[in-house]
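Q: Chain by chain, the residues:
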Amino acid sequence: MALHDIRYRHWKGRHVGVWQRRGVIAFSGLRACLQNRWTRYLVGFCWLTALVFVGVLFCIGQLLVADSVIVVWAANLNPQLQAFVKALTTWLEQHPEISVRVAQGLLFYVYAYFLITPALVAVALAIPHLITRDLGSHAMVVYASKAINRFDYLLGKAGVVGGLLTLTWLGPVLASWLLGNLLAPNWNFFWHSRVPLGHAVLFILAGMAFLSVLALGISAVSSREKATVGLYVALWLVGSTLEPLGDMSRPWVKQLSIRYDLHQLARVVFRPEQDVRIAQENVPIVGEVLRGFGRRPRAPWPPAPAARTWPALAIFALLSAGIILTRTKPE
Amino acid sequence: MSAIVQVRELSRWYGIVMGLNHVSFEIGPGLVGLVGPNGAGKSTLIQIITGQFRPSSGTLTVFGEVPWNNPRLLRRIGYCPERESLPRDLGPVDWLHGLGRLSGLRGTEARARAERLLAKVRLPREHWAKRLSQYSKGMRQRVKLAQALLHDPEFLVLDEPMNGLDPLGRQEMAHVLKELAAGGTHILISSHILAELEALCREFVILNWGRVLASGTRDTLRTDVQGWSEQLQVRCDQPEKLARVLFDAGVLRGFQLAPEGDWLHLEVRDPEVFYQRWLELLLASGVVVGEIRSESRSLRQIFDKVTA
Amino acid sequence: MANPLLAWLSLPDGESTGFLHWNVHLYVGLLMPLYCLVVCGAMIRDEVQDDTLAFLVTRPLTRARLYLGKYVCQLAWLQFVFLVNGLLLLGVGLLRDIPEAPSLAGRVLLAGVLAALVYGALGGVFGLLTRRYIVLGLVYGFIVEVGIGHIPTNINSLSMLRHLQDLLAGHPAVRDRYEWSADGSGTGVLILLGTTVAALVLGAVLFTWREFHASHEALK
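Residue numbers (the numbering used here), protein chains in the order written: chain D, 1 to 331; chain H, 1 to 308; chain X, 1 to 220.
Just chain D, with the same shape it has in the complex (with noise of 0.2 Å):
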């Protein structure tokens, strides 16, 4: 044949669905990522903490039973302490719904505390993978050539970041209570831990939906890689320096750190102040120890300032959506 059609033709073969395409594009940006040794060390890093940290819990839960071995070791050091420590273990052990919730209530808060600054870190790595690179190539007329819109682009993108937070946060988090209860001395700790597990979830989804809006918004910024890492460092660090300016200035500017904001989400959805309150109240002798932190000039649970935190979080997810749908638009 002499002449060929080459006229647009349709695909006859199978299409696959679109989450299949969003997932595509989220798994490519994944591994990308972690063909980064430094984000692969990250990773490496946070999973090493949650082995810690269920040895943490491991301990803290042989602590809530009379006849383990740590309080058999501990009592025997010291006769005197035997009679206090049997009383209280006895207590703690017929009082589950309390020592677990609140044990756990405190650990999960500050170990998903913690993990925000690997997560930070990883987002910093991430950054040049989501938006930036395609801008700097001109990959978004690939994209805008397939069978996928600017949504789907998006959302595969936020995969990315969504991909890279679970590994280096909640999977840690959930994976650690998973293994901490497990190696608990009662089934039951499954149960009256649920509330912690809970809140950490929520805290975590609620800030992985944040950082990755905000992570997409400011790889959207540039197509130069070093603009958009350095501006979202730039922001942390600057955040850092202005949280203490807070107290000398006007109360929002502390609103201006990332760090700052996520802090005070963990606080909203944990309640740290109100497992130490039922602590206070209920605990035995320990509660007792604890009260006294209150009678001290500077109450050490001032309540998390609900109020401006969601504000403070919604402002930079908008401006964030912004950029991106200015920098992402199809020409």
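There may be inaccurate statements among the hints.
[As the list claims (entries may be wrong)] In silico lysine to any residue, SDA-like type, Cα no more than 25 Å apart, as pairs:
(1) Lys70/X / Arg101/H
(2) Lys86/D / Trp73/D
(3) Lys70/X / His175/H
[Claimed, not checked] Interface residues of chain X toward chain D, partial, derived using beta-carbon atoms under 7 Å:
(4) Ser10
(5) Leu11
(6) Asp13
(7) Thr17
(8) His21
(9) His25
(10) Leu26
(11) Leu30
(12) Val38
(13) Ile134
If you are wondering where the hints come from, they were derived from the structure by calculation, not from laboratory data. The C-beta atom is built at its ideal place from N, Cα and C for all residues, glycine as well.
Keeping the supplied structure of chain D fixed, place chains H and X upon it in accordance with the hints.
A: Same frame as chain D, now just chains H and X:
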């Protein structure tokens, strides 16, 4: 005139990858073509010549001097890189003006020369106000050539200058280069487009796998290539008969009859002997010849031969 | 320009402590070094990443002169930015009725000049050393400026920020607020200038001897 570039036992490697492998040759004056497939070492050689890289071992001198960090020599060399990258936010005149100042020109002189060169490389004046990021490939090539000419170099090194140019653009570029060469500028030009290189250059250096396979004029190359055989295509009324006569006379290394029937492909054993006896044998055969084509003299064939 | 605007929005009238914190910790302590690192780290690295360095190194001038020329250009920009920012911060101080603002402005401007010189030169060296110069700069900042600079050791003079703080401590309000001593401010200025010269020499030597390959710049 003596050689412009002298290379002695030059090697250059990037980690475990050899860019140039123990090569020795000279590049003479005039228009010289640098030929080789991708990864042959052309760009490495050019980057050493222009002082961007240093040799890992051996020596390379241009006008008798080592190029690395040598402003006195770099004043005599102009360089047009292969890459298309140009500063994004500048216009051509501003960019050339800045480079002119770096080359030691005064402000007004640099600007005047920038405008003169943009006209010389035939960049239409209506594009001068645009930013370089808005330029097409062909326009970028012209601006790159203009910057190489800014300080009036004696030796111009051009890495793939024809890339991205349309046929008319190539013709214009060739015209500019010929003008420069006629004005006494020595030019080293690397290109994949062998036909154009062939039309421009007097002398060639052929590289492959980091080795210089051949260098010299086309005739010298053809004579020197070991096992060289002249190749001819002859259209005639009785190709089998002509082939038999020539083969019996012992002047052919081999032959091939084209499937169409009237073409005969000949591989000549010794061109000197063949052309001495050609007419006599042709008359004796009584074959009527319609057309003769020789492909042996093309750069493409020399290139194919030495890189095979 | 966001710096003075944010200062104006966040500082209440007459709030000296906040104004001092803004100038000393945020502006001189963080924004100035960070901006110098970004601007001067990019001066050669950007050319390598954009693959345009060949146009510069093939010009008839030595690599050391080219490096110093680039540094001077970036320095001029930094000085301009810091001058404008310093004057705008002074304006914010006057608008907010901060009594220390006029007397502090001179020292902040001088700190800007010296910070641009020294952090610009250090940023240039970081940019020559690695394509991840911002990360290197942050590591340097945490170890040397924040770590060594705040621990009383024999080597805390390595922290450039410490010398800038000495300079600012010449102002009584800063001295009283942070309990810093201004005794070593003269020596501090000499150390800042000496470090600038040393970093420039190191940068020029590095640029003269190192080859830069655009193909190695693809970030993973």
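Q: State for each hint whether it applies.
A: Hints versus structure:
Proposed proximity of Lys70/X and Arg101/H is supported: the alpha carbons are some 13 Å apart, at most 25 Å. Proximity of Lys86/D to Trp73/D is assessed by CA-CA distance (about 12 Å); at most 25 Å being required, the pair is judged to hold. With a C-alpha separation of about 37 Å, the suggested pairing of Lys70/X with His175/H is violated against the 25 Å cut-off. The beta carbon of Ser10/X is positioned within 7 Å of a beta carbon in chain D (closest approach about 4 Å), and the interface hint is therefore held.
Hint status for Leu11/X relative to chain D: holds, with the closest Cβ pair at about 5 Å, below 7 Å. Residue-level restraint check for Asp13/X is violated (minimum Cβ-Cβ distance to chain D is 11 Å; threshold 7 Å). Residue-level restraint check for Thr17/X holds (minimum Cβ-Cβ distance to chain D is 5 Å; threshold 7 Å). At a threshold of 7 Å, the smallest CB-CB gap from His21/X to chain D is about 5 Å, leaving the interface hint in force.
Because the closest C-beta pair between His25/X and chain D is about 6 Å apart, less than 7 Å, the hint holds. Annotation: Leu26/X was flagged as interfacial toward chain D, and the flag holds, the nearest CB pair being 5 Å apart, inside 7 Å. At a threshold of 7 Å, the smallest CB-CB gap from Leu30/X to chain D is about 5 Å, leaving the interface hint in force. Annotation: interface hint on Val38/X holds; nearest CB of chain D at approximately 5 Å, less than 7 Å.
With a least beta-carbon distance of about 6 Å to chain D, the hint placing Ile134/X at the interface is held under the 7 Å criterion.
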